[in-house]
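Visitor: Below, each chain spelled out in residue letters.
Protein chains: 2
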Amino acid sequence: MQFTVLGSGAGLPSKKRHTQSYILDAVDETNQYILIDAGEALQHRILHTSIKPSKVRSIFITHLHGDHIYGLPGFLSSRAHQGGEDLPLTIYGPKGLANWLDITFEISGSRLNYPLSIVEVGHKDCIEIDNFKVHVRLLDHNIDSFLYVFKENDKTGALDPDKLKGIGIEPGPLYAEIKKADVFEFNGETYRTSDFTGPDITGRKISVHGDTRVMAEPEYLSLIDRSDVIVHEATYLDGEQEKAHRYFHSEITSVLDNLKNIDYGALLITHLSNRYEDGFLNELAKELPSGVHLTHDFFEHPILRNSQENK
Amino acid sequence: MQFTVLGSGAGLPSKKRHTQSYILDAVDETNQYILIDAGEALQHRILHTSIKPSKVRSIFITHLHGDHIYGLPGFLSSRAHQGGEDLPLTIYGPKGLANWLDITFEISGSRLNYPLSIVEVGHKDCIEIDNFKVHVRLLDHNIDSFLYVFKENDKTGALDPDKLKGIGIEPGPLYAEIKKADVFEFNGETYRTSDFTGPDITGRKISVHGDTRVMAEPEYLSLIDRSDVIVHEATYLDGEQEKAHRYFHSEITSVLDNLKNIDYGALLITHLSNRYEDGFLNELAKELPSGVHLTHDFFEHPILRNSQENK
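Line by line, the protein sequences give chains A and R.
So for the first sequence, the working numbering puts the first residue at 1; every next one is plus one.
So for the second sequence, the working numbering puts the first residue at 1; every next one is plus one.
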């Protein structure tokens, strides 16, 4: 699994930073990409990657500000001509999204050749998609803005060949049958499969924030605790906490402070204002704790199993 | 005056060709740009030019297909932060545009800090803007698609110093007063200014087509006759006239054939399908008559006075 930032900028695009879009690449696990947000020119960014729009089956929109959605109509229209024919797609996002897309497609005469579902989500919803449960949590912004916590389903542990050999079962086709069943019989005895498997493999957890002020509620912190990857905005990087608060955004030191009592594998800082120059960003990057990254467009981060324990 | 193609592609963007947008640069004449169409990532294209969004005071939308309008909300929103504060902007386009922009700005919480007027236009309208009359003509596409003929206002010819010297007036401050008036007095005699000026300077004419089939109506051809620049789509470049007709588009040889009995300075071919490769385009370009150009993104064409006579 891999997390890719397609657009890392805030508000206005620059030559280097497009507005917000991310890809959660679960192709190895489910042959699918999950797209989060769709800033303008998302489809142009995708042209410079190996991402196949047809394999995007779920889109999560954090909030409806233009820098997070103006690329959605173009992406959806083009996907129809990029191998997406007949391949269903579901968009999850705040109320208002369905009406806007309907009107946009109606006036522009766009007809999609694949089934599109739009699901308007709310605070504390839990969405099930292939191999993930996605927890939705309202953040603190000037319009409804959501955190999406993607929790990969746990996997049953592997069979332990030593234990199976202990009761006389050598590796062979029987293993597959045992693995599928809760109980199995051998030589007249009945066994529970769980006594012969290793511990469950915990699914990975990726917490992606929409625009927000820093949030200190314990219930929220507990929800994102032990994330393998946290994606958080920091529109302000230079200590302007008050200004960040006034504009319903975050400042980087407050973000780091706020997360210091929870565990995580990596923290990806996004939604960087275009007013910061490379020199400043490079200096700042050197001072950040290990595992905290200032992202850029096309930034890629592999999501390892239990990466929070590798910290 | 100069015409710049910001997006020369059809339907889907490619790495090289964005979807449709053009700039008519009238900065030398009126300190303004006129934007025609607004494909997605228009604002990203502008970042690579010297164009100031604040100086765009008029936008003309040929038709509402996504590849011509999906960049409009982003451009309008960003213009507010790019020096456009308080500087009015008017958009001319087909019915439906105002409602779509209203809903788009409403759901995305966008507030512009400059006055925006949206004027929905129709067949045979004539719009007056600074230094231009713009004639609107319905084309032949599967939704309402317009031709805009930008006719620069004629200018009064220059004063002829030889004629003025003939009645005893030497060059001096009086010349400016004479030029402003229809009649003037000198040594007790009354003269008509027009008897002392050269012929009127004909304004330039730029005819920009939205997507269309080739149109043979004499009234249409007469409207675009003697254009300094004609901008016409040719989604098909390889003789597929029937297919072009079926999809309400044009094929290049039909375009050239259709325009062979009118005068024009230059013909800019746009809306090129991304399926054509550079090799094919280069070969085709060599075979085209002088003055006919296959355009690309960032293609620039100076618009000279009376350029149709320089042919």
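Check before you lean on any hint, since a few could be wrong.
To be verified - DSBU-like, lysine-lysine: derived pairs with alpha carbons at most 30 Å apart:
no.: 1; chain 1: A; residue 1: K52; chain 2: R; residue 2: K16
no.: 2; chain 1: R; residue 1: K55; chain 2: R; residue 2: K165
no.: 3; chain 1: R; residue 1: K15; chain 2: A; residue 2: K16
Stated by the list, open to error - Which residues of chain A face chain R? A few of them, derived with a C-beta cut under 7 Å, are:
no.: 4; residue: P13
no.: 5; residue: L47
no.: 6; residue: S50
no.: 7; residue: L64
no.: 8; residue: Y70
no.: 9; residue: G74
no.: 10; residue: A98
no.: 11; residue: W100
no.: 12; residue: S108
For the record, the hints were derived by calculation from the structure and aren't laboratory data.
We put the beta carbon where it would ideally sit given N, CA and C, even for glycine.
Visitor: Hints first: check each against the structure and report whether it holds.
Guide: Going down the list of hints, with the structure as the test:
For a cut-off of 30 Å, the pair hint linking A/K52 to R/K16 stands: about 19 Å separates their Cα positions. Proposed proximity of R/K55 and R/K165 is contradicted: the alpha carbons are some 42 Å apart, above 30 Å. For the proposed pair R/K15 and A/K16, the alpha carbon gap of about 15 Å is at most 30 Å, so the pair holds. The closest approach between the C-beta of A/P13 and any C-beta of chain R is roughly 6 Å, which is under the 7 Å cut-off, so the hint is satisfied.
Annotation: interface hint on A/L47 holds; nearest CB of chain R at approximately 5 Å, less than 7 Å. With 7 Å as the threshold, the beta carbon of A/S50 stays out of range of chain R, its nearest partner Cβ sitting at about 13 Å, so the hint is violated. Nearest Cβ of chain R to the Cβ of A/L64: about 5 Å, under the 7 Å cut. The hint holds. This hint holds: A/Y70 has a C-beta 5 Å from the nearest C-beta of chain R, less than the 7 Å allowed.
With a cut of 7 Å, the hint placing A/G74 at the interface with chain R holds, because the nearest CB-to-CB distance is about 4 Å. The restraint placing A/A98 at the interface with chain R is violated, with a minimum CB-CB distance near 10 Å, outside the 7 Å limit. The closest approach between the C-beta of A/W100 and any C-beta of chain R is roughly 5 Å, which is under the 7 Å cut-off, so the hint is satisfied. Hint on A/S108 holds. Least Cβ distance to chain R is approximately 4 Å, under the 7 Å limit.
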